[in-house]
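Enquirer: Chain by chain, the residues:
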Amino acid sequence: MKIPRISRKTLGIPYAVFLICFVIIPMLIIVVYAFTDQNMRFSFENFIEFFSDPTKLSTIVYSLVIALLTTCFTLLIAYPVAYILARSKMKKKYVLLLLFVTPMWINFVLRVNAIRELLNWIGLLGETNYFNTVLGMVYDFLPFMILPLYTTMIKIDNSLLEASADLGGNPFVTFTRVTVPLSMPGVLSGITMVFLPSMTNYVVSDMLGNSKITIIGKFIETYFGTDWHMGSMIALILLVIVFATTALSGGFRSENNTRGATI
Amino acid sequence: MKIRRTAALLLSACLLLPSAAALSGCSGSDEIILRIYNWEEYIDEGGEGSYLYDYEIDENAPSVLDDFCAWYEEEYGTPIRVEYSTFGTNEDLYNQLKLGDTYDLVCPSDYMIMKLMAEDMLEPFTEDFFDESDENNYYINNVSSYIEGIFENNSVTITSEDGSRSEHSWSEYAAGYMWGTTGFIYNPEYVDEAELDGWDTMLDTAFANKVTTKDNVRDTYFVGLAILYRDELLALQERNAAGELDDDAYNAAITELLNRTDEETVARVQEILLEMKSNIYGFETDTGKNDMVTGKIWINFAWSGDAVYAMDLAEYPESEEEEPAYFNYYVPEECANLWFDGWAMPKGANRQAAQAFINYLSMPQTAVRNMYYIGYTSVIAGDEVLAYVEDTYGVEEGDEEDAVEYDVSYFFGEGTTILTYEDQLSRQLYAQYPTEEVMHRCAVMDYFADEAGERINELWTQIKGETLDAWAIVVICVAVLVIALAVIYVKLGAKVDFFRLKPKKGYKKIKEEPVPFTVK
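Chains as they are written, first to last, in this note's numbering: chain R, 1 to 263; chain V, 1 to 520.
The reader is advised that the hints may include incorrect statements.
To be verified - Cut-off 30 Å, straight-line C-alpha distance, at most; resulting in silico cross-link-like pairs (BS3-like, lysine-lysine):
1. R/Lys155 - R/Lys89
2. V/Lys296 - V/Lys115
3. R/Lys212 - V/Lys277
4. V/Lys296 - V/Lys277
5. R/Lys92 - R/Lys9
6. R/Lys212 - V/Lys347
Calculated from the structure, these hints are not laboratory results.
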């Protein structure tokens with residue numbers, strides 16, 4: 001009896017089909033829409049309009065700033081946490097890690113609603129819209145930063161740290177010259193996982209900024225109600241930014257297999 | 001009409017369940033299929049919250065759709081199945097129709113009906129739908145003559161595919177479902193009605209950060225127009241009161257003002273709205289009610305139907321620990337927007353079944369069920385509807401002394417008054433059926449086509465978007481560029497020690513030398 005041979009390539013077919021149907025074709029449609037006008041004729045009009053409108057430029061710059069702030073703060077908070085978790089000799093540290101990750105399992109809209117009530121209770125809601133937005137984003141994306149950091153840090157071999165100490169490195173030098181460089185893959189993957197979604201996560205800016213804050217994702221949503229061509233153009237520009245940041249953070253390097261795992 | 005976005009998001013996971021339930025509602029072999037596209041939560045869906053006319057609240061109450069199927073089969077002898085789906089905004093509906101989705105019956109708002117009509121996307125009603133002698137024609141026999149008049153008197157120019165243009169009244173293509181006005185809900189604990197200054201309230205610094213508006217372009221643009229033309233609107237009102245202008249001419253004049261979209265008007269409205277943005281608490285679609293209850297805001301722009309819903313919820317809190325709150329409804333003195341949602345049949349619809357469905361919804365007892373479930377006001381004015389309104393808002397026995405007479409004859413027919421409590425004159429009853437005097441200053445808002453539409457959407461972008469000074473944009477862009485270049489530099493010089501520390505005293509850095517090639 002012959003067993004039908006299944007090559008490795010055949011195993012990839014379902015994924016390829018999925019990719020073509022749900023990623024590549026929609027993306028091509030977006031490109032087509034972005035470079036056509038209402039009568040589906042080729043035009044650069046949307047492109048020119050986007051870059052000649054101060055409001056649209058301001059909005060995308062603002063989104064960048066909000067995303068940068070969010071990334072900085074999540075990194076500042078998540079790094080020590082991940083370090084402590086990974087280095088601690090506690091037997092039950094998985095429980096601790098779980099505590100940081102569980103919020104991810106609760107519906108996102110519910111969590112933002114909870115933060116909204118909390119801010120209302122403190123009295124900040126409606127007063128500090130930008131702060132609230134960044135706060136909500138930091139809260140929302142924190143687990144996405146902690147996890148990759150934790151998984152890279154836990155892989156750092158203890159003997160490397162011991163070697164550094166043996167060679168005369170004090171704890172600070174050991175940290176800056178051993179731990180930090182070795183955890184860079186985790187940092188990079190954390191940054192990509194936080195920076196990109198926080199440019200478009202308009203549920204947070206709508207609910208915590210009372211819709212007075214508009215980030216670029218909200219613009220895309222609004223335009224898709226009335227003008228799909230402009231909406232597609234903004235989506236395309238955002239896509240270019242995403243590609244640029246991913247390329248910068250080294251997301252396309254093939255040998256980069258030490259990056260942190262993500263859930 | 002409107003969106004409850006959070007609810008929609010929360011429920012998105014279980015969205016399939018209700019629609020699956022709706023699908024399984026009726027069954028049978030060679031049945032007719034009726035595809036209906038309606039607003040979310042815009043029909044009595046049965047179960048808890050459903051209303052049976054004998055005042056029993058029943059968890060297993062059937063939905064209007066189920067009852068319709070049973071009624072239809074009995075009436076016409078053919079089984080029917082309803083494929084019911086919902087949308088969140090008029091634009092979603094329009095896009096779905098443009099993408100080629102087919103429905104027999106859709107429920108757009110006023111301006112979207114006009115747009116669909118103008119683009120020749122609708123099927124007209126058949127002649128026999130308007131035959132008043134047929135008692136099965138519940139719509140034409142029960143619709144309020146006031147609403148019918150609006151539908152008769154307004155028309156749209158339809159441009160058909162071959163380019164011919166013809167004028168048609170709304171009533172040929174659409175039947176009303178729910179209607180109402182726009183105004184403010186306010187909390188009388190903090191705000192006295194005398195303090196409310198028409199739509200200018202939005203700019204009043206006394207209410208800075210205490211008033212919200214809707215997060216959509218049409219309602220906000222209306223507010224801007226009303227503020228811009230306040231003096232003109234009030235002058236017209238005075239002339240109307242002095243008898244120089246009759247009611248129709250007055251209404252036509254304010255409708256013209258409130259539908260202006262020329263460049264100058266849009267530019268001036270933009271200025272007003274930007275000022276408004278800095279004064280208001282925020283733009284909202286569904287958080288307003290809750291913020292009213294918590295006292296975070298005092299005044300909330302509302303569609304009358306939502307206002308009734310909000311006032312009911314505040315008055316009868318779901319948990320007993322919560323204190324009831326009492327809000328009032330206010331229609332600004334200069335003008336308000338008259339809106340309605342209506343049923344229309346896209347091209348190719350099964351007209352017989354669709355019209356039967358509209359007629360079923362227009363039976364006064366069905367209208368009451370939907371009014372109870374949704375909280376909006378039906379266009380139907382049958383005796384049962386009046387009885388329901390009297391049951392809900394009328395005085396109870398023994399309270400007749402405090403009762404006031406409320407005139408609703410413009411809607412229910414000559415000489416109809418409701419004996420009600422005085423506070424209802426600014427609360428639910430007033431929101432559901434404003435006085436005739438209020439109706440005179442209510443204008444229907446047209447749809448904005450082509451260039452006007454683009455101008456208004458652009459205005460919305462300018463209002464919602466962020467504004468940064470040119471130097472700030474440049475500085476931030478340069479900063480981002482510097483960061484990017486730094487990252488590239490570090491990456492390309494991969495051997496560069498990122499934390500280049502000087503060697504300690506007595507040590508020196510040894511240059512790494514390439515391992516020499518050796519032959520085995």
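Enquirer: If any of the earlier hints don't hold here, list their numbers in rising order.
Expert: When the structure is compared with the hints, numbers 2, 5 and 6 turn out to be violated.
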